[in-house]
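J.: Residue-level listing of the chains:
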Amino acid sequence: MRSAKIWSWIAFAAGMLYFFLPLIGMFEFSLRARRGEYSFDAYASVLGDPQFRATFGYSVLMALFTIIFGILLVVPTVFWVRLKLPRWRPVIEFITLLPLVIPPIVIVFGYIRLYNTSSWLPLTGTAMGTNLLLMFGYTMLALPYMYRAVDTGLRTIDVQTLTEAAQSLGAGWITILARLILPNVLVAVLSGAFLTFAIVIGEFVLAALLNRPAFGPYMVWMGANKAYEPAALAVIAFVVTWACMALIQLVTRLSAHTRAQQR
Amino acid sequence: MTDLPPPKAGRRVSLPLNWFGVAPFLLFALLFLILPTMHIVLGAFRTPAGDFTLANIRGIFTASIMNAFWISIRISLLTAFLGCVAGFLIAAAVTRGGLPGPLRGALLTFSGVASNFAGVPLAFAFIATLGRLGFLTVILREWFGFNLYGTGFNLISFLGLTLTYLYFQIPLMILIVTPALDGLKREWKEAAETLGATGAQYWRMVALPVLWPSFLGTFALLFANSFGAVATAMALTGSSLSIVPIILFAQIRGDVLQDPHLGYAIAFGMILLTGIANLVYIVLRTRAERWVK
Chain A
1 MRSAKIWSWI
11 AFAAGMLYFF
21 LPLIGMFEFS
31 LRARRGEYSF
41 DAYASVLGDP
51 QFRATFGYSV
61 LMALFTIIFG
71 ILLVVPTVFW
81 VRLKLPRWRP
91 VIEFITLLPL
101 VIPPIVIVFG
111 YIRLYNTSSW
121 LPLTGTAMGT
131 NLLLMFGYTM
141 LALPYMYRAV
151 DTGLRTIDVQ
161 TLTEAAQSLG
171 AGWITILARL
181 ILPNVLVAVL
191 SGAFLTFAIV
201 IGEFVLAALL
211 NRPAFGPYMV
221 WMGANKAYEP
231 AALAVIAFVV
241 TWACMALIQL
251 VTRLSAHTRA
261 QQR
Chain B
1 MTDLPPPKAG
11 RRVSLPLNWF
21 GVAPFLLFAL
31 LFLILPTMHI
41 VLGAFRTPAG
51 DFTLANIRGI
61 FTASIMNAFW
71 ISIRISLLTA
81 FLGCVAGFLI
91 AAAVTRGGLP
101 GPLRGALLTF
111 SGVASNFAGV
121 PLAFAFIATL
131 GRLGFLTVIL
141 REWFGFNLYG
151 TGFNLISFLG
161 LTLTYLYFQI
171 PLMILIVTPA
181 LDGLKREWKE
191 AAETLGATGA
201 QYWRMVALPV
211 LWPSFLGTFA
221 LLFANSFGAV
231 ATAMALTGSS
241 LSIVPIILFA
251 QIRGDVLQDP
261 HLGYAIAFGM
271 ILLTGIANLV
281 YIVLRTRAER
291 WVK
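Quick note, the sequences are listed as chains A and B, same order.
According to our numbering, the first sequence is numbered sequentially starting from 1.
According to our numbering, the second sequence is numbered sequentially starting from 1.
Keep in mind that the hints are not guaranteed to be accurate.
Part of the chain B face toward chain A, derived, beta carbon under 10 Å [to be verified]:
1. Trp19
2. Met38
3. Gly87
4. Arg96
5. Gly119
6. Ala125
7. Leu130
8. Ala229
9. Met234
10. Tyr264
11. Ala277
What the simulated footprint calls covered on chain A by chain B, stretch by stretch (three residues with Cβ under 8 Å from a Cβ of chain B suffice, anywhere in the stretch; the number is not a length) [as the list claims (entries may be wrong)]:
12. 18-27
13. 234-244
Since the hints were made in silico from the structure, they are not lab data.
Note that CB positions come from ideal geometry on N, CA and C, so glycine has one too.
Isolated chain A, as found in the complex (with noise of 0.2 Å):
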C-alpha cells in the first residue's frame, strides 16, 4: 500500500514537471528582451503594437458576434426539440458533434470552393460577408460545447410543464424563450460563451485561411519574425485562457449556491 502511494506521487510530480516546466519558460522567456536582465519591454512592445490593438479587438469582436449568434441559433433549437421532436434528438445531437469529426481546415476549405465569388452565394466576395462566413465558422466549432451545455442545462427543469404554464397565461414563443427559458439555462449558456470565447480568440486556421486579419494569424506572423514578443503573446494567451475557465466556474459555483438557497 505504502508502495502505491509512492508511485502515485511520482507519476503526479512527473506530470506537473512536464505541464509547468512550458509554462516557466515561456514566462522566464518573455521577460528576456532585454540584454542582460529582466523586464516587461517584450510585453511592452506588444502592447503598444498598433497591429496587436487590431487583430486582437478584431478576435474579441469576432467572438462576442459568434456568441450571441451561437445563442439565438442553440437555444430555440434546443428547446424546440426538447418540446415537439424528442426522439429526434440523437440526430440533432450527431450533427452537432461533427465538427469534432471532420477537420475544421476540411470544412473551411469547403467554404473557399462553395462561397467564392463566381458561386451561387459569394460571400468571400466583400470583407463583410468574409468576416459572417469566418463568424459561422466559428459557430461550427463551437457547436459541440454550445449545444452539450444548453441541453444539460435544459435536463434540470420541466419544459414541458413550463411551456404549457406560460402558455396559458398567453405567453408568446418569443416570450417563453425570452424570459422563461433563456433565464433558466443562463449558467449553461454563459459556460458555453466563454469557452466560445477562449476558441475564438487565438483560431488561427480559419482566419488564415479566409484571409481576415485575426489575432491567430497575427501571432503566427509575430513567431516567424519576432523573438521575445512571441512568448509574452503566448503568456497573454494563457492568461485569457484561464481567465474564460475561471468565468465558467465561477458561474457553475455561484448557480449551485443560489440553487442551494430556494430550496
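For this one, chain A is given, so just place chain B on it according to the hints.
T.: Relative to the frame of chain A, chain B by itself:
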C-alpha cells in the same frame, strides 16, 4: 386480434409545423457543415469538368503525400498512446493513489485549461522552453553541462512535435478517464482483496478489463484530435515538416500545386481517418458506459 386504431388525421398536418422550429438550425448545419464537407468528398472523385474519376485518389499515392500521411499517422498514434498512458497514470494517482483530495480538483481544473491551451501559443511556449535558447535548454547546459542540441535533438522534428502535442493530449485523457476511474466500485476492490489478490493483480484482472473499452475509445479520440491539429504544427515548424494538415494548408493557399482536386483528395483522406477514429470512439464509449454509474 383486436382492430388497430385508425391513424390520427391531425398528425400529418402538425409534422411540418414541428419541423419549422428547427429549420434555422438545420439550414445552418446544411450550409456551413454538411454541404461544404459533401463538396470536398464529391470533389475528390471528380475531374475539373465534373466527371467521375479515381485519378485524384490515386494522386494521394505519390511518394511525398503518402510520406506526409505516414508521418501524420505515426505522430497521431504515438501521441495518442503516450497521452493515454501518461494521462491514465496521473488520473489514477489522483483518484485512486491516496493523494490529498484538493489535488484532484486542481488537476481537473488545470486539465480543462491545458486541453484548451492548444494552437499557436502552445507552440511558442515549447519554443521558449526547448528551443535552441529555450529555458530548459539553457538550464541543462549551464547548470548540468548537458548540451541538449548536441544529442541531435531538435524541437522542429517528429520528437519535438510529439512532445508538444502531448501537452493537450494528456489533459484530455485525464478529463475523460477520471469519471471512468470513479466508476470503479469499491466493492470490486474489496472482493478482490478478500479473494487474496494483490494490488497489481486487482489492476490487471479487474480494473483494467473494465476500463479497457474507455481506454481504446479515448485512444481513438486522441488520434483524431492530433491528426487534425494544424495551428500548433504550423507555428512550431513553419512548414518545414510535411504532415498532412500542413500540406493541405499549403495546397489551399495555393503555394504548392494548383490542383484543387488533389486537395479534395487529401482532405477526403483526412475525413476518412478522423471519421473512422471517431466512430471507434463512439462505439467503444457506449460499451464503456455500461460499467460507469
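J.: Taking 10 Å as the limit, does the beta-carbon of Ala277 of chain B come near enough to a beta-carbon in chain A?
T.: holds (9 Å)
J.: With a cut-off of 10 Å on the beta carbons, see whether Met234 of chain B makes it to chain A.
T.: holds (6 Å)
J.: Would you settle whether the hint for Arg96 of chain B is holds or violated, based on the nearest Cβ-Cβ distance to chain A being less than 10 Å?
T.: The hint holds - Arg96 of chain B has a Cβ within 10 Å of chain A, the shortest such distance being about 8 Å.
J.: Taking 8 Å as the C-beta cutoff, is the stated coverage of the region 18-27 of chain A by chain B satisfied by three or more residues?
T.: Contact hint for the region 18-27 of chain A vs chain B: holds, 8 residues under 8 Å.
J.: Should the hint that Ala229 of chain B touches chain A count as held when the rule is a Cβ pair under 10 Å?
T.: Hint on Ala229 of chain B: holds, closest Cβ of chain A at ~9 Å, below 10 Å.
J.: Against chain A, run the beta carbon of Trp19 of chain B and see if the smallest gap drops under 10 Å.
T.: For Trp19 of chain B, the interface hint holds, since the closest Cβ of chain A sits about 8 Å away, which is under 10 Å.
J.: Tell me if the interface restraint on Ala125 of chain B is satisfied: Cβ within less than 10 Å of some Cβ in chain A.
T.: The hint holds - Ala125 of chain B has a Cβ within 10 Å of chain A, the shortest such distance being about 4 Å.
J.: Residue count check for the region 234-244 of chain A against chain B: does it reach three with CB-CB under 8 Å?
T.: The restraint on the region 234-244 of chain A holds, since 6 of its residues have a Cβ under 8 Å from chain B and three suffice.
J.: Does the closest beta carbon of chain A sit nearer than 10 Å to the beta carbon of Gly87 of chain B?
T.: holds (9 Å)
J.: Quick one, is the Tyr264 of chain B hint okay against chain A at 10 Å, beta carbons?
T.: Holds, about 8 Å.
J.: Does Leu130 of chain B hold up as a contact with chain A if the rule is Cβ-Cβ below 10 Å?
T.: holds (8 Å)
J.: Do the numbers back the hint for Gly119 of chain B, that is, is its least Cβ distance to chain A under 10 Å?
T.: Holds - the Cβ of Gly119 of chain B comes within 10 Å of chain A, reaching about 5 Å at its closest.
Of the numbered hints given earlier, the model fails none.
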